[in-house]
Amino acid sequence: MEFQAHQIKDILKIDYRYTMGGQSKFFIELMNNKKLLGTKCTKCGKIWMPPRINCSECYEPAEWVEMKQTGTIDVSTIVWYTTSAFIKAIPYGIGFIRLDGADTAMLQGIFSESLIPSKVKKGKKVRAVFQKEREGKMTDFFFVPEDEYEDWIAKPEYEGGSE
Amino acid sequence: MEKVAIIGVGITPFKARYLDKTYFELAYDATKLALEDVNKQGAEITHKDLQSTVYGIYNELFERQFMPDIFINSYIGMNNKPGTRIASGGATGGYTVRMAFAEVASGLSDLCLCLGVEKCNDCYDVQTGTTTPEVLNAIAYSADMTYEYPMGMMAASSYVSMVNAHFEEFGSPTEEQMALVSVKNHGNAIKNPKAQSPMKITVEDVINSRIICYPFKMLDCCLYSEASAALILANEEKVKELKIDNPIWITGVGAANTDCFIGNREDMGRLYSNIYAAKAAYKMAGLDYNKIKEQIDVAELHDAFSGQEVISYEELGFVPFGEGGKWIEERGPMRDGELPCCPCGGLIGCGHAVGATGIMSTGEAALQLRGDAGKHQVIIEKGRGLAHSIGGPGAAYAAIIIMENQEAKK
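Protein sequences, first through last, are from chains A and B. Residue numbers for the first sequence follow our numbering, beginning at 1 and rising by one. Residue numbers for the second sequence follow our numbering, beginning at 1001 and rising by one.
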């Protein structure tokens, strides 16, 4: 007899109230004041962005420092096929941005009126743009090429940061 | 430290989906195949002779089961013996071999089962009515959930970041050089009856395939697969007792976890985990990082993405940095080249059944060294081979296994 498979529908779902712990200040300042905070090691002076409140190299505390909201693209890509959670957003640009003064680079969305590889290339200057409605999450902001900044903050749903 | 040999290899076919098997049924099949492989060589062992298991299973969401190892442990009849699960992203298989090696080398077990399995394609995306976006989502939870997952980071965009940074630095790998990897590995898979994606294709086919994330195209990426792979490892005394004539000795195991945040790395165009794992494995095996290409016959590499295989040629010491692309243009890693890479088809040709993959690669290299690889057998002269596993966020995990057939060398 031919094999007949039995399949069931199922879903796994967990609700959270996830604490950002020692990183909380980064998300609170982002949400309330449109500031981007990094941390600086009290011993070696390395500036971590995304922030960590302890220096992983020196095993010493790192202090909060306000970062500039401009930076440079270290590397990027444009995504055309992706996970179920993001498939409605394609195409989208993401890249590692080194904020001016930071020793590390952070992953962020790169938005552009013309999302082509040359527009979001290594070395391009970018600037942070913020959502008007913020929740204290990484999706509260994104980066745009510096020459498009004024156009993006003119849109009703976005605004510039407060440096 | 005890000497450790691979005396049995069991690999199930790699398939898009097994409707007729669960993950624990697949694991049973691979275990049975590995036991049969030992017994083909004249031994008479059963699962009752195995003293412990090291499990390689990456993703609970694929299996729809946390701690899937304990359910396999029951199904394969290994109750009341130690079983340890390893989960190291795409490198789970290689890391599992390393820990099974340690189980025997330390003297804890004389005979150990190293068993990997993954069954991803029960995940299903209702909105598109297809499987892959939900499989990718189950994987994407491996990205840092606070800073990186919310940006839409996934496996391909993580690897492509490093490949793009490598290209910025060296002007390589180009899209054509990456496509050559896909042509090679899909082509090699034609001779492997267990491979999921055997295909005779051209560079143009790869370049014209659907864009995934710039500049990776569909044919630059491996497919997620379902399979299981098992190895039986033994110490020297057991090898003698079972009268195994052709043991494949594991002479080097190296592993390293590099920073999972690509943005923290000194140089973004490197998979540092590869470099550290390779150097550690070669040192243990008494091999030379700068001459490794001349010291081994075969390399089963972890080609999750074509461009990453090219970079791996450099990081594993086959060619100098920046010359991986040129090496494949010169046919270096082809079946008939200087050092055949992925003669079984690799991940691009066979598919990627994550926990099983690195164990399959190690098993494939062992079969090559034994002369038992079948139609995809390559020439073995030095009696040494390598298996490579890499994965995790930013390819942070890597493991390298060096194997030797001391009979072949004589």
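Just so you know, the hints here were simulated from the structure itself, not pulled from any lab data. We put the beta carbon where it would ideally sit given N, CA and C, even for glycine. Fair warning: there could be bad hints in the mix.
Pairs of lysine-lysine, BS3-like flavour, derived with a Cα cap of 27 Å [as the list claims (entries may be wrong)]:
| hint | chain 1 | residue 1 | chain 2 | residue 2 |
| --- | --- | --- | --- | --- |
| 1 | B | Lys1326 | A | Lys121 |
| 2 | B | Lys1021 | A | Lys13 |
| 3 | B | Lys1293 | B | Lys1375 |
| 4 | B | Lys1382 | A | Lys9 |
| 5 | A | Lys9 | B | Lys1015 |
Calculated from the model, a selection of chain A residues having no Cβ within reach of chain B, i.e. all distances over 10 Å [unchecked claim]:
| hint | residue |
| --- | --- |
| 6 | Asp10 |
| 7 | Lys43 |
| 8 | Ile53 |
| 9 | Thr72 |
| 10 | Thr77 |
| 11 | Lys122 |
| 12 | Lys137 |
| 13 | Glu159 |
To spell it out: a stretch of chain B is covered by chain A in this simulated footprint if at least three of its residues, at any positions, have a beta carbon under 8 Å from a beta carbon of chain A; those stretches are [to be verified]:
| hint | stretch |
| --- | --- |
| 14 | 1133-1139 |
| 15 | 1144-1150 |
| 16 | 1163-1177 |
| 17 | 1197-1208 |
| 18 | 1253-1263 |
Inset, instruction - Three residues minimum, CB to CB under 8 Å: does the stretch 1197-1208 of chain B make the cut for coverage by chain A? Let me know. - result: With 0 residues close enough to chain A, the hint is violated.
Legend entry - Separation of Lys122/A from chain B, once the least beta-carbon distance is taken, above 10 Å: 5 Å, violated
Legend entry - Within 8 Å of chain A (C-beta), three or more residues of the stretch 1144-1150 of chain B: As far as the stretch 1144-1150 of chain B goes, the hint holds, because 4 residues have Cβ atoms under 8 Å from chain A.
Inset, instruction - Take a quick look at Thr77/A and tell me if its Cβ sits farther than 10 Å from every Cβ on chain B, holds or violated. - result: Label violated. Min Cβ-Cβ 5 Å, cutoff 10 Å.
Legend entry - Within 8 Å of chain A (C-beta), three or more residues of the stretch 1163-1177 of chain B: holds (count 3)
Inset, instruction - Sort out whether Lys9/A lies within 27 Å of Lys1382/B, counting only the CA atoms. - result: Violated: Lys1382/B and Lys9/A sit about 52 Å apart, past 27 Å.
Inset, instruction - Take the stretch 1133-1139 of chain B, compare each residue's beta carbon with every beta carbon of chain A, and decide whether three or more fall closer than 8 Å. - result: As far as the stretch 1133-1139 of chain B goes, the hint holds, because 5 residues have Cβ atoms under 8 Å from chain A.
Legend entry - Restraint check for Lys1021/B with Lys13/A, where alpha carbons must lie at most 27 Å apart: Holds, at roughly 25 Å.
Inset, instruction - Decide, holds or violated, for the assertion that all CB atoms of chain B are farther than 10 Å from the CB of Thr72/A. - result: Nearest chain B Cβ is 12 Å from Thr72/A, so the label holds.
Inset, instruction - For the pair we were handed, Lys9/A and Lys1015/B, check the Cα-Cα distance against 27 Å. - result: Holds, at roughly 22 Å.
Legend entry - Coverage of the stretch 1253-1263 of chain B by chain A (three or more Cβ within 8 Å): holds (count 3)
Inset, instruction - Grab the minimum beta-carbon distance between Ile53/A and chain B and tell me whether it stays above 10 Å. - result: 13 Å, holds
In summary, the numbered hints that this structure violates are 4, 6, 10, 11, 12 and 17.
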